[in-house]
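Peer 1: Let's have the full structure, built from the sequences with the hints guiding it.
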Amino acid sequence: MPYVLRVLPQPMVFGQMALAHALIAAGGSRAVALNIVAPEDNPVALADYARHMAMFRFFAAHYPDVPLSLHAGELALGLVPPAQLRSHIRQAVDAGARRIGHGVDLPYEDDADGLLQRMRRQQVAVEINLTSNDVILGVKGAAHPLAMYLRAGVPVVLSTDDAGVSRADMTHEYQRAMQEQGIDYPTLKQLARNGLTYSFLPGTSLWDADGNAAQACATALQRETDDAACRAFRQGSEKARLQWQLETDLAQYERTLLQAGARQSANGLYR
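With UniProt numbering, the residue at position 76 of the sequence shown is 76, and numbering never jumps.
In case anyone wonders, no lab produced these hints; they're calculated from the structure.
Beta carbons are placed, not taken as given, at the ideal position from N, Cα and C, and that holds for glycine.
Check before you lean on any hint, since a few could be wrong.
[As the list claims (entries may be wrong)] Across the chosen pairs, the derived CB separations fall in these ranges:
1. A228 with A54: 48 to 54 Å
2. P11 with N212: 34 to 40 Å
3. A228 with T171: 46 to 52 Å
4. K189 with R263: 20 to 26 Å
5. G164 with D226: 37 to 43 Å
Peer 2: As structure tokens, then:
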């Protein structure tokens, strides 16, 4: 995913955006969306934030099909003046972001409830980076807004942010979501599904915004058996093919656990 550096002078940021938009619009599988990165609390990043979002809006008018996944709200109380916590996520949504990276300053955003409703309505996903937010921002446990996003019905995905820096993989993020945030297994499954549903993979999704299966695959998913209608649907969608593979893997995982539990019960291990 191409990105622009928010700490550079404005003309350089504009030039990076121009190149990235043209690259993504040209097609191909190596560049699918655009991000903006570097410390959001940097003085240059703070001073230029509104201008950067205006630049994204400008390019959106010329490249409406280029998806944006913007790091926004990677801020915490005490790290920046309180006024800087009030609108970064909203400005990124206004700029057309389809995914928000971090979104940690949500509780301090103006009209946070209204922002959550808008994100849910527009299906703007938020990428949650539990380890990164703890290490960089010192935000964890009940102080993290993950529960707020989930309660509001905002699409949530888990992410490592930068696995090389945090030295954590996706398994660790799911484990942390369960142990630290109290996320149950059905919700973890939905987070895994969201990772594909709200990705920038081409093709129609296996799931709609309400979590209902595509009509062509509803029966096959319910019965956990493939059929011709669902195969035909997946044939035209790379996203749906990977989503189907995930469902197959989840079903196999659950069967394995149930079989192991049955064997242990039969051997008297649960007595």
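Peer 1: Please check whether G164 and D226 have a Cβ separation lying inside 37 to 43 Å.
Peer 2: 38 Å, holds
Peer 1: Tell me if the beta carbons of P11 and N212 are separated by a distance inside 34 to 40 Å.
Peer 2: Since P11 and N212 have Cβ atoms about 47 Å apart, the given range 34 to 40 Å is violated.
Peer 1: That 46 to 52 Å hint for A228 and T171 (C-beta), does it hold up?
Peer 2: 36 Å, violated
Peer 1: Measuring from beta carbon to beta carbon, are K189 and R263 in 20 to 26 Å?
Peer 2: Since the Cβ atoms of K189 and R263 sit about 24 Å apart, the hinted range of 20 to 26 Å holds.
Peer 1: At the C-beta level, are A228 and A54 separated by a distance inside 48 to 54 Å?
Peer 2: About 50 Å separates the Cβ atoms of A228 and A54, which means 48 to 54 Å holds.
Violation of the numbered hints given earlier is confined to hints 2, 3; the remaining hints are satisfied by the structure.
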